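There are 2 protein chains.
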Amino acid sequence: MPPQVTVYEVGPRDGLQNEPAVLSTPDKLRLIATLAGAGLPFVEATSFVSPRWIPQLADAEAVAAGLPEVAGTTYVALVPNGRGLERLRAAQAAQARPGQPELRPAVFVSASETHNRKNQNRSIAEALADIDGVVAAARGGGMQVRAYLSTVWGCPFEGAVDPGRVADIVERLRAAGCYQVSLGDTIGVGTPGQTRAILDLVLRRASPESVALHMHDTRGTALANVLAALDRGIRTFDASIGGLGGCPYAPGASGNLATEDLVYMLHGMGLETGVDYGRLIEAGALAERLVGRRLPGRALQAERARRTEPAQGA
Amino acid sequence: MPPQVTVYEVGPRDGLQNEPAVLSTPDKLRLIATLAGAGLPFVEATSFVSPRWIPQLADAEAVAAGLPEVAGTTYVALVPNGRGLERLRAAQAAQARPGQPELRPAVFVSASETHNRKNQNRSIAEALADIDGVVAAARGGGMQVRAYLSTVWGCPFEGAVDPGRVADIVERLRAAGCYQVSLGDTIGVGTPGQTRAILDLVLRRASPESVALHMHDTRGTALANVLAALDRGIRTFDASIGGLGGCPYAPGASGNLATEDLVYMLHGMGLETGVDYGRLIEAGALAERLVGRRLPGRALQAERARRTEPAQGA
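Those sequence lines, one after another, are chains A and B.
Residues 1 to 314, numbered by the working numbering, are exactly what the first sequence covers, in order.
Residues 315 to 628, numbered by the working numbering, are exactly what the second sequence covers, in order.
So here's chain A without its partners, still in its complex pose (with noise of 0.2 Å):
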């Protein structure tokens, strides 16, 4: 059997908090639907942050209410705090219904002060002390908990970023009792030779199926970054539907790795992702319609041109 590897869907939750358009809890929920349906095994949907912050997903509770069954696939919602937890457990506790879907609570924090300060006006010290609790009572509760690690190739501030720091909060996350951390290259200046080193640091101290990579395709670098991985053994990759979350006004500047670019290459190099490639195109489609643009990905692009055009030579 070819070795299997989770992709892991961002595009509801960080895709769309970084769309313009706000979509409607009916629209997020047929995205959503379509995805899991793709065969995707993990989606994030949505976020218990403040809807101040992220009005894109003030409907985080109808979200969680509004999630379909679908075999096979976990959802997740991100939670900044110990209210964020209880605002999950009560929307899940409020519709309590046969076949819930299980949606597990993912933190975050930067490995960045500067970045960290400016994104949760606290310490990345006083946000690991809260995560503490948080997980605690989410792992009490029976839930497994992700933890999100951003900045970790550079940060928009600071600029570098100590790899040796990175390990270091990566092992106080999995001492916090987080099954796993996904390490975000947040403004996609990631490049192989980086990622090596970031990776032969932190897996000296954490499995490579306790940590994630969640590249962005700032640069063209997210898939050399997710083959660097893949040969130190890192098995989970996290995406977003179309590339969702780019801004609108610089085509292809900030997005995620699109999902489907992840894919094709893992499915070309014989790993097995359990998704089904011409599903996840048209939820691809579908992501585009809902808000409205074209998006970046550069697979769902190739095969709307070869749906449209005759072969060619040139």
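The set of hints was computed from the structure by calculation and includes no laboratory data.
What follows is a list of derived Cβ distance ranges for each label pair:
#	chain 1	residue 1	chain 2	residue 2	range
1	B	Arg510	A	Arg307	24 to 32 Å
2	B	Phe471	A	Ala90	52 to 60 Å
3	A	Ser207	B	Pro317	29 to 37 Å
4	B	Arg436	A	Ser24	52 to 60 Å
Values in this document were obtained by computation on a predicted structure and should not be read as measured data.
Even for Gly, the Cβ is constructed at its ideal location relative to N, Cα and C.
For this one, chain A is given, so just place chain B on it according to the hints.
Positioned in the frame of chain A, the structure of chain B alone reads:
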């Protein structure tokens, strides 16, 4: 000293021949001068194919006559046959001047029979026999000749291409006297496992220095394939400024790998190219102004966004 990688710029030829906009000769020469000024060691400037085939490059003689002498930059022009080589030689002879820059010929053939017939109206065997004569004549005149081998990762008409056949043709082109064979992923379908398999076969019979890669970023996998090839010892990569050559009706769908994206990754890995990244970004911006549209290169868009927006912590 860090390893040196050769970036081979194909924008003014491979890029412009696939753009609907036809640039004036002075505009082409301005772009070429900007690329040479950025430190690119090779700039493919035009093609001596029939103007009926590629009207965008009908001014090959005028471009050849106007090439600016820039220390460290060698120019190349595509020649489809003996007639093309004669035109190249005549263009050089017509305006021989002190310090006239070198203009090398490059020949081409496909790895798949149907693509070669559609592209050249002859069989691969016929093309190779003709290449023998062209290379002998060019070398007799003191010129080094490069070869392009198309559809190595897949053919738009036949689908899969046998890597053994690729290795055979590479050996045949080397035997004909070509100093380097550039393997092309014409339709942008390549993934890294395939790249490793192809190179493992090819490099049994050819040195890494005699092989280059010409990847398309159609599905976002170009730099992952470059990384796989770097690990196999390949040190020459083709790229097109801004990703010039993509179809404007399907942004990003058929474009070449963008030179800026390639150079960004190589420099990030500590590899030396001799190229000035900032001047390359300026060349990309110039290419966009000349063709009158946004180009798909990701680093180009990211640098634009970085210059026009405040730092963001999202």
